[in-house]
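Chain residues, written in single-letter form:
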Amino acid sequence: MSTDANALSVTGLRAGYDASDVLTGIDLHVGAKERVGLFGPNGHGKTTLLNAISHVIWPRAGEIRFLGETLQGLSPQKIVERGLIHVAQANWLFPDMEIGETLELAAYTRHARGVLKDNLAYVMQLFPRLAERRRQQCKTLSGGERQMLSIGVGLMCAPRMLMLDEPTLGLSPKLKDELAEAIAEISARGIPLLLVEQDIVFTLSLVERMYLVDHGEVTREIHRGSEVDHQDIMDMYFGAEKTR
Amino acid sequence: MTADTISAIIVSGVVLGSLYALMASGLSLVWTTLGIFNFAHGALMTLGAYLAWTMSDAAGLGLGLAAGIAVAVAVLIGVGIVMERSVVRPFYDHRDILLITVMTTLATMTLIEKGIQLVWGARLKQLAPIAPGKVEIFRTTISAQELLIVIVAPLLLGALWLFLRNTRIGRGIRAVGQNSAAARLIGIDVSRLFIVTFALSAVLAGLTGILLGSVRLLTPSFGTDPLVKALIIVIFGGLGSLSGTILAAYVMGIVEAALTYFVGIYWTPSIIFVLLIVVLLLRPQGLLGKVVR
Amino acid sequence: MFFLKLRTVAIPLLLVIGLLVPIFVQDTYIRHLFIIAFIYGIVASSWDLSLGYAGIFNFGHIAFFGIGVYAAGLCAKLLGIDPWIAMLIGGMAASAAAGLVALPVVRLQGVYVVLVTFAFSQLVLQVVISQSQITGGTLGMVRVPTIELFGYNFLRDYKLGYYYVAFALLVASAFCLRQLVRSDFGLSLKALRDNEDYAVSRGIPISTQRLKVLVASAFFAGIAGGFYVIYLRVASPEVFNFSTVSLVLSMVLVGGTASIYGPIFAALGLTFVLEGLANVNGLAEGRFMLVAIVMVLVLLFLPKGLASIFSRK
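As you go down the protein sequences, you meet chains A, B and C in turn.
When we follow our numbering, the leftmost residue of the first sequence carries the number 1, and every step to the right adds one.
When we follow our numbering, the leftmost residue of the second sequence carries the number 1, and every step to the right adds one.
When we follow our numbering, the leftmost residue of the third sequence carries the number 1, and every step to the right adds one.
Among the clues, some could well be false.
[Claimed, not checked] To list a few chain B residues with every Cβ distance to chain A over 10 Å, as calculated:
| no. | residue |
| --- | --- |
| 1 | Thr54 |
| 2 | Leu63 |
| 3 | Ala67 |
| 4 | Val75 |
| 5 | His94 |
| 6 | Leu98 |
| 7 | Trp120 |
| 8 | Gln126 |
| 9 | Lys134 |
| 10 | Arg171 |
| 11 | Ile186 |
| 12 | Ile188 |
| 13 | Asp189 |
| 14 | Ile254 |
[To be verified] Partial pick of chain C residues on the chain B-facing surface, computed with a CB cut under 10 Å:
| no. | residue |
| --- | --- |
| 15 | Phe120 |
| 16 | Leu123 |
| 17 | Phe242 |
| 18 | Arg287 |
| 19 | Met295 |
No wet-lab data here; the hints were simulated from the structure.
The structure displayed is predicted, hence computed values, not measured ones.
Ideal Cβ positions, reconstructed from N, Cα and C, are used throughout, including at glycine.
Can you build the whole structure from these sequences, using the hints too?
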């Protein structure tokens, strides 16, 4: 199935907390330059999956390959060095640090430091609001600005792929549109994306392909423009639960 | 109350405050970054002073104070690393890391103090002052060494501040203290920075010891009193921030100098403790602090 | 089951052994060690009441012991109060001090409790040193009156009287502590330690319970302190030292937290081992380094048995 042409390929991944497995065997892949969505009810393992891929928690079984190489046994910072960047959900970052400092710090790995200037200019151009607030502390940011900073921090890490965990959580429709534009722009630069979202409209507007995750497994794969449309997905998740 | 009295109180308060600020900032640095409280901080101070004494004093190797400082810094970096590895690191995943490390660092304190007593004996020692003689400031006479402390302490603290603010490692240390999970996701090696922080704090302790060792007599338990003062300061200042701690240190120095003048040294500790209890009843997070675990 | 049976036999057996020790041990020095160990046993096991059972990060317990030492010593020496009563006053003074410390402590969390209790013990030390016209300052207090009963001096017959008083105090305190931790009060303490939110929601008054446990555990430490000063007839500010804190803490840890008997046996064992080491050349100071290392090793390698007891499920 997954070949080395993929940016990311995950096979048979199991992971969890304490005694129980949250993920009971995940298979998925993200092609080079592809944008892939991950959709499913809350508490069914989407965030756990990202945590397992970035080794915030250790996978219990299965294999993760990034750009053709296994990530087996690598510490989280080694994975960041490889360029696989995980932008965590509702990330408060560093409350007492300034925006500018935070962005500069995020270029922490040797490679990222080498391209710090270019990346910083790019982030500032992408999110002019962060440029205005360079000297403000992270804790003073609004929800939308914080999301921008989180993504900006991810970009400063010099990503070869980005995993975004619910970037639009709690944002207004207007801000969501702004973020969608920025994310599309990032992806247009050739950076593959794995996008975890609860907002199906938002997800469908961005991705080419989407996995449905349910009870720690991938239950379905949907291609954009294929027969399954928006309403079907809504029914599958929300309609089905009502009739249960 | 005359102007001379006020000047005397402020001058001696600032001398005390400078020392307290140096001691408390090392404790605070480790607390904000690692979330543990190092009770051996005072003993590390003592160790630094004794090492400097051995290297510099005529009764020791007589190599001069620069050699003393260099050796003390080098040894304390090593001790800091070993300490972090042996009595702190094994408990990072433990739910009660705070309580357990209070005990392990307390044990380390005993180990270092008794070790010092074994190596250097119980006899009092004193480091030769870097600046001998007396000086008069605002019509108050203090020793030149005390003036040196008043000047060096802010310089060291300023250097620490610049390091934490402007260098990659320094910013990394702050990031780890504020959100270690997020720090890990940008590629920071959290456990390496824990070691760096611990070693840095040990060096600060040692330098404080060297400064203090020339105005007070060295005994193996020389660090106990400063440690206790630093404890009270971090409670007053709140545990959240380095700047709060430093401010609290100077305030505490002046309050202590004023109390000593008005009620005498006998009742000063009691009054400070009563103040502490009142502050904690009214503001459990400290005067300047924010809520911590 | 077997263990339970063993226990029902073991306790009376140990009581009998304890009573018979003076018959086999006539040496004054060895008896002295027993007496000191019994005192440490009381201090360590009562500390475990607040530290282990109630989960309060109380590091002022040695100060309560020291307050007992000085309160009893001063009452007996300066006020001429009968030394028996003075011991009791030692206990009450320690309890009163604990009540004062509890004022902020019951409202605080985590590291603040550690800091306040530590600061408190250092304050007591400084007060003792500064009031030297009464306490003797750093030189300490000497010639504290000794106890007598019907004209019998307890120091006679190779400290026979003191041995039995110390033993009786240990047994009485162990019995009271056991009853305390098994009572409803003791169970409510464990409930608070293990799941504070749940216990509070079930109507356990958290501040009151913490206040009570601090006052209770300090009482035993204070009595032990009172006996200590009456027995040794001297008091020195060294009782407040960090070394004393580490020593008794190591007894609690080696014996096992949230246990009454454990710290008592650890106190006996460590006292004799340490005295033994004191006679080994060059270990007079080094033995305390060994205690420190043992403490860390216990925390490192016996987490299941000892340190893990701290972890609340």
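A quick look at each hint next to the structure:
The beta carbon of threonine 54 (chain B) is kept farther than 10 Å from every beta carbon of chain A, the shortest such distance being approximately 40 Å. Once the 10 Å rule is applied to beta carbons, leucine 63 (chain B) is consistent with being away from chain A; the minimum gap is 39 Å. Every CB of chain A is more than 10 Å from the CB of alanine 67 (chain B) (nearest about 36 Å), matching its label as outside the interface. Against chain A, the non-interface label of valine 75 (chain B) holds: every CB pair exceeds 10 Å, the least being about 30 Å.
With a closest Cβ-Cβ approach of about 16 Å to chain A, histidine 94 (chain B) is found to remain outside the 10 Å limit, as its non-interface label requires. The claim that leucine 98 (chain B) is not at the interface with chain A holds, since no C-beta of that chain comes within 10 Å of its own (minimum 21 Å). Every C-beta of chain A lies more than 10 Å from that of tryptophan 120 (chain B), the closest at about 42 Å, which supports listing it as non-interface. Non-interface status of glutamine 126 (chain B) relative to chain A is upheld: no Cβ of that chain comes within 10 Å, the nearest being about 41 Å off.
Every C-beta of chain A lies more than 10 Å from that of lysine 134 (chain B), the closest at about 42 Å, which supports listing it as non-interface. The Cβ of arginine 171 (chain B) does not lie farther than 10 Å from every Cβ of chain A; its closest approach is about 5 Å, which violates its non-interface assignment. Not every CB of chain A lies more than 10 Å from the CB of isoleucine 186 (chain B), the least distance being 5 Å, so the non-interface label is violated. Distance to chain A contradicts isoleucine 188 (chain B) as a non-interface residue, since its nearest Cβ pair spans about 6 Å, not more than 10 Å.
Here aspartate 189 (chain B) does not stay apart from chain A, with its beta-carbon only about 5 Å from theirs, under the 10 Å limit. Even its closest Cβ contact with chain A, about 27 Å, leaves isoleucine 254 (chain B) beyond 10 Å, as expected for a residue assigned away from the interface. Residue-level restraint check for phenylalanine 120 (chain C) holds (minimum Cβ-Cβ distance to chain B is 7 Å; threshold 10 Å). Against a cut-off of 10 Å between C-beta atoms, the interface hint on leucine 123 (chain C) holds, since the closest Cβ of chain B lies about 4 Å away.
A least Cβ separation of about 6 Å between phenylalanine 242 (chain C) and chain B falls short of the 10 Å threshold, and the interface hint therefore holds. Interface hint at arginine 287 (chain C): satisfied, since its Cβ lies 9 Å from the closest Cβ of chain B, which is below the 10 Å cut-off. Residue-level restraint check for methionine 295 (chain C) holds (minimum Cβ-Cβ distance to chain B is 4 Å; threshold 10 Å).
Checked against the numbered hints above, the structure breaks hints 10, 11, 12 and 13 and satisfies the rest.
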